[in-house]
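Based on these hints, arrange chain B on the given structure of chain A.
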Amino acid sequence: MMDMKKMPGNIYPNKRKSRGLLSRIRMMNEDSIQLITTLFILIVLMLVIYILTPRFISINNISNVLMQVSLVMITGTAVTLLMISGNLDLSVGGVVGQAAVLYAFLARTGMPLGSAILISTISGSLIGLLNGALVSKLKITPVIATLGTMSITRGIAHIFADGTMITAGLPRNFKFLSTTYFGRVPLVLIIVLVIVVLFYFVQTKTTLGRYAFYIGSNPQTSYFSGVRVDNIVTKLYVLSGTLAAFSGVLLASRLGAGDSKMGAGFEFDTIVAALIGGTAIAGGKGSVVGMVIGAFIVGILRNALNLLNIQSYYQMVIMGFVLVLAILLQRLVSEKLAAGSEA
Amino acid sequence: MINVNEKSKLNLSIYFKNVFSILILAFIIVFFAIQAPGFLSYTSVVNIFRSSVFLVVTGLGATILLVSGHIDLSIGSTMALTCVTFAILTRMGIPLLAGLLISVVAGALVGMVNSFLVVTLRINSVIATLGSLYFVRGIAYIIMGDEPSILPGHENFTFLGRGFIGPVPFQVIIILAIVVLFFFIEKKSLLWKYSVAIGCNRVAATLSGINIKMIISVLYIITGTLAGLSGAILASRLSVGQKFVGEGFEFDVIIAILLGGTSFRGGQGTVIGTVIGAFVVSILGIGLNMMGIASFYQYVIKGIILILVVFFDKLLKDKFLNRLTA
Chain A
1 MMDMKKMPGN IYPNKRKSRG LLSRIRMMNE DSIQLITTLF ILIVLMLVIY
51 ILTPRFISIN NISNVLMQVS LVMITGTAVT LLMISGNLDL SVGGVVGQAA
101 VLYAFLARTG MPLGSAILIS TISGSLIGLL NGALVSKLKI TPVIATLGTM
151 SITRGIAHIF ADGTMITAGL PRNFKFLSTT YFGRVPLVLI IVLVIVVLFY
201 FVQTKTTLGR YAFYIGSNPQ TSYFSGVRVD NIVTKLYVLS GTLAAFSGVL
251 LASRLGAGDS KMGAGFEFDT IVAALIGGTA IAGGKGSVVG MVIGAFIVGI
301 LRNALNLLNI QSYYQMVIMG FVLVLAILLQ RLVSEKLAAG SEA
Chain B
1 MINVNEKSKL NLSIYFKNVF SILILAFIIV FFAIQAPGFL SYTSVVNIFR
51 SSVFLVVTGL GATILLVSGH IDLSIGSTMA LTCVTFAILT RMGIPLLAGL
101 LISVVAGALV GMVNSFLVVT LRINSVIATL GSLYFVRGIA YIIMGDEPSI
151 LPGHENFTFL GRGFIGPVPF QVIIILAIVV LFFFIEKKSL LWKYSVAIGC
201 NRVAATLSGI NIKMIISVLY IITGTLAGLS GAILASRLSV GQKFVGEGFE
251 FDVIIAILLG GTSFRGGQGT VIGTVIGAFV VSILGIGLNM MGIASFYQYV
301 IKGIILILVV FFDKLLKDKF LNRLTA
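Chains A and B, in that order, are what the protein sequence lines are.
Here the first sequence is numbered in the working numbering, starting from 1 and rising by one per residue.
Here the second sequence is numbered in the working numbering, starting from 1 and rising by one per residue.
Calculated directly from the structure, the hints in this document are not laboratory data.
Some hints here could point you the wrong way.
Unchecked claim - No farther apart than 20 Å at their CA atoms in a straight line, the calculated lysine to aspartate or glutamate pairs in the EDC-like style are these:
(1) Lys261/A - Glu247/B
(2) Lys139/A - Asp230/A
(3) Lys139/A - Asp318/B
(4) Lys137/A - Asp318/B
(5) Lys314/B - Asp230/A
(6) Lys137/A - Asp259/A
(7) Lys261/A - Glu335/A
Chain A with its partners taken away, still in its complex shape:
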């Protein structure tokens, strides 16, 4: 029970149930029980898949899953913090496409790969800055603002790739990010690990993370208690744009091309991973660790459906179901616990 104290949420009391010791204990339980439930689902899922296809547990396949999940996890860390603050970023898929194409475009011109990576990633930060300005300065609803930038970024990707994809004329070491290994450990895995740990730290130990919870719980109260809401929200959007762009660079380097269609539906995957991990769509609740488990659930499910040779259209239907089921399960858990404390 010691690690219960480390669970996010218990130091950031939810506005509804912050009174009394009993409700505080219930709060802790709610978050940790939710995390345990998600972990339990993941383990059951893995067991079922292993029974269905023993191929699932092979070094090859596991590293395959890790590669698939890594992009969702990298972007998901920032998206989770953003969602905790009650915001939403639908433009991450578009940003992935834009950065992937830009990386290939710049690499083709003969620019050093390091600066190509940097510029592509910064292009995502700029989109994040735009999102942040639209939402916090112009007060446009996050869904609409980021729907707009989703369209804009996808358009930019198409413009730079001339409506198709960039494959020819790329330098030899274009794929170096995804082909570098330290011993047997791929560089990408180390990057993912660093980013996840960093964001876990940001979420639990820094004021940025704490303010995200405050703003998500009640933006007005946070504002009147001296939190610079606009500033924090903009920062979170910039983080989400930056990491989405970096994921795009990684994707381009894994596939060895810059395709303007890359990242279609990526916003769906990151949001689902965060939601399955216990992040509330209304804000004020969530955790990076939960998102990591959520990303694994989504990734493993996709992988298993591929291993079982299920066609991609059935996969769409199944993923839609899983999303609804996961949200329902969480509702059930949290309502069961809240029922006692609120009465």
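Just chain B now, with coordinates in the frame of chain A:
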């Protein structure tokens, strides 16, 4: 409480929004008339009506839904579903009208699923319909299988989408019928008033005895039905069933609705506004095509327009309504 003075301010704000969207409409018509030769020709005008029928039909359903503060992102996928269903049913030899009816009912079923998710399971409407966006598109893919497209092989199949009555394209009649129907709903029926009430203040609406769950379900079913109808019209216009159609269509619909002055937070919106917005969006698409601008620049232009429109809406609201919204 809204006193008389503030109520007139509210009306003034709606009035200004409509003037604003009519100005945009006039501006782009003049712009394309100068920039794109042949824009005002008979074929091109018929073309504009043909492509705006989809936005008008689905947009009006989505408007009354958005007025109640809910959103439906699955309309594009619903169109793909009924587009495929209509073509397949006709190919199976089912009479045209029966096939049309079944496809429209399929759209209504999608609406029922959405209302089940939103009303019964109380899932946030953005997330729930984002889920059904994938779900419904998946079903369209499954029904269609791996065929490149479905040829219905019925001579009258294309009437709904390409037919003429005298010199008037059949779509014009569809647009008029739907607009008149929605004018009636807006001005005379309780449904629209209830929708506004729910969008303005859900709790107050519940306490004044409105059956919120029922009303929202009805609104989702209306939206699904109309999306279903426009999917069938689309199949008829393309003369084939296609599973890829309607991708990103929800985006166009939302732009059209917001251009028409409907508030994204609910509680405010007009039929005439959405009709104007729908024409703006479809004229923009056709005009840019005629000017030879590649479709990928249109993504950027549409995204910028969406943001500008919402920003302007916000400015107007601050100017006229800051006491109301505060």
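Cross-check of the supplied hints:
Distance check on the hinted pair: Lys261/A and Glu247/B sit about 13 Å apart at the alpha-carbon level, within 20 Å; holds. Taking the CA atoms of Lys139/A and Asp230/A, the gap is about 10 Å. The hint holds against a cut of 20 Å. At most 20 Å may separate the alpha-carbon atoms for a hinted pair to count; Lys139/A and Asp318/B meet this at roughly 11 Å. Simply put, Lys137/A and Asp318/B have alpha-carbon atoms about 14 Å apart, close enough for the 20 Å limit, and the pair holds.
With a C-alpha separation of about 17 Å, the suggested pair Lys314/B and Asp230/A falls inside the 20 Å cut-off, and the hint holds. A C-alpha spacing of about 33 Å is found between Lys137/A and Asp259/A, which places the hinted pair above 20 Å, so the restraint is violated. The hinted pair formed by Lys261/A and Glu335/A fails the criterion: a straight-line CA distance of about 40 Å is larger than 20 Å.
The structure shown violates the earlier hints numbered 6, 7.
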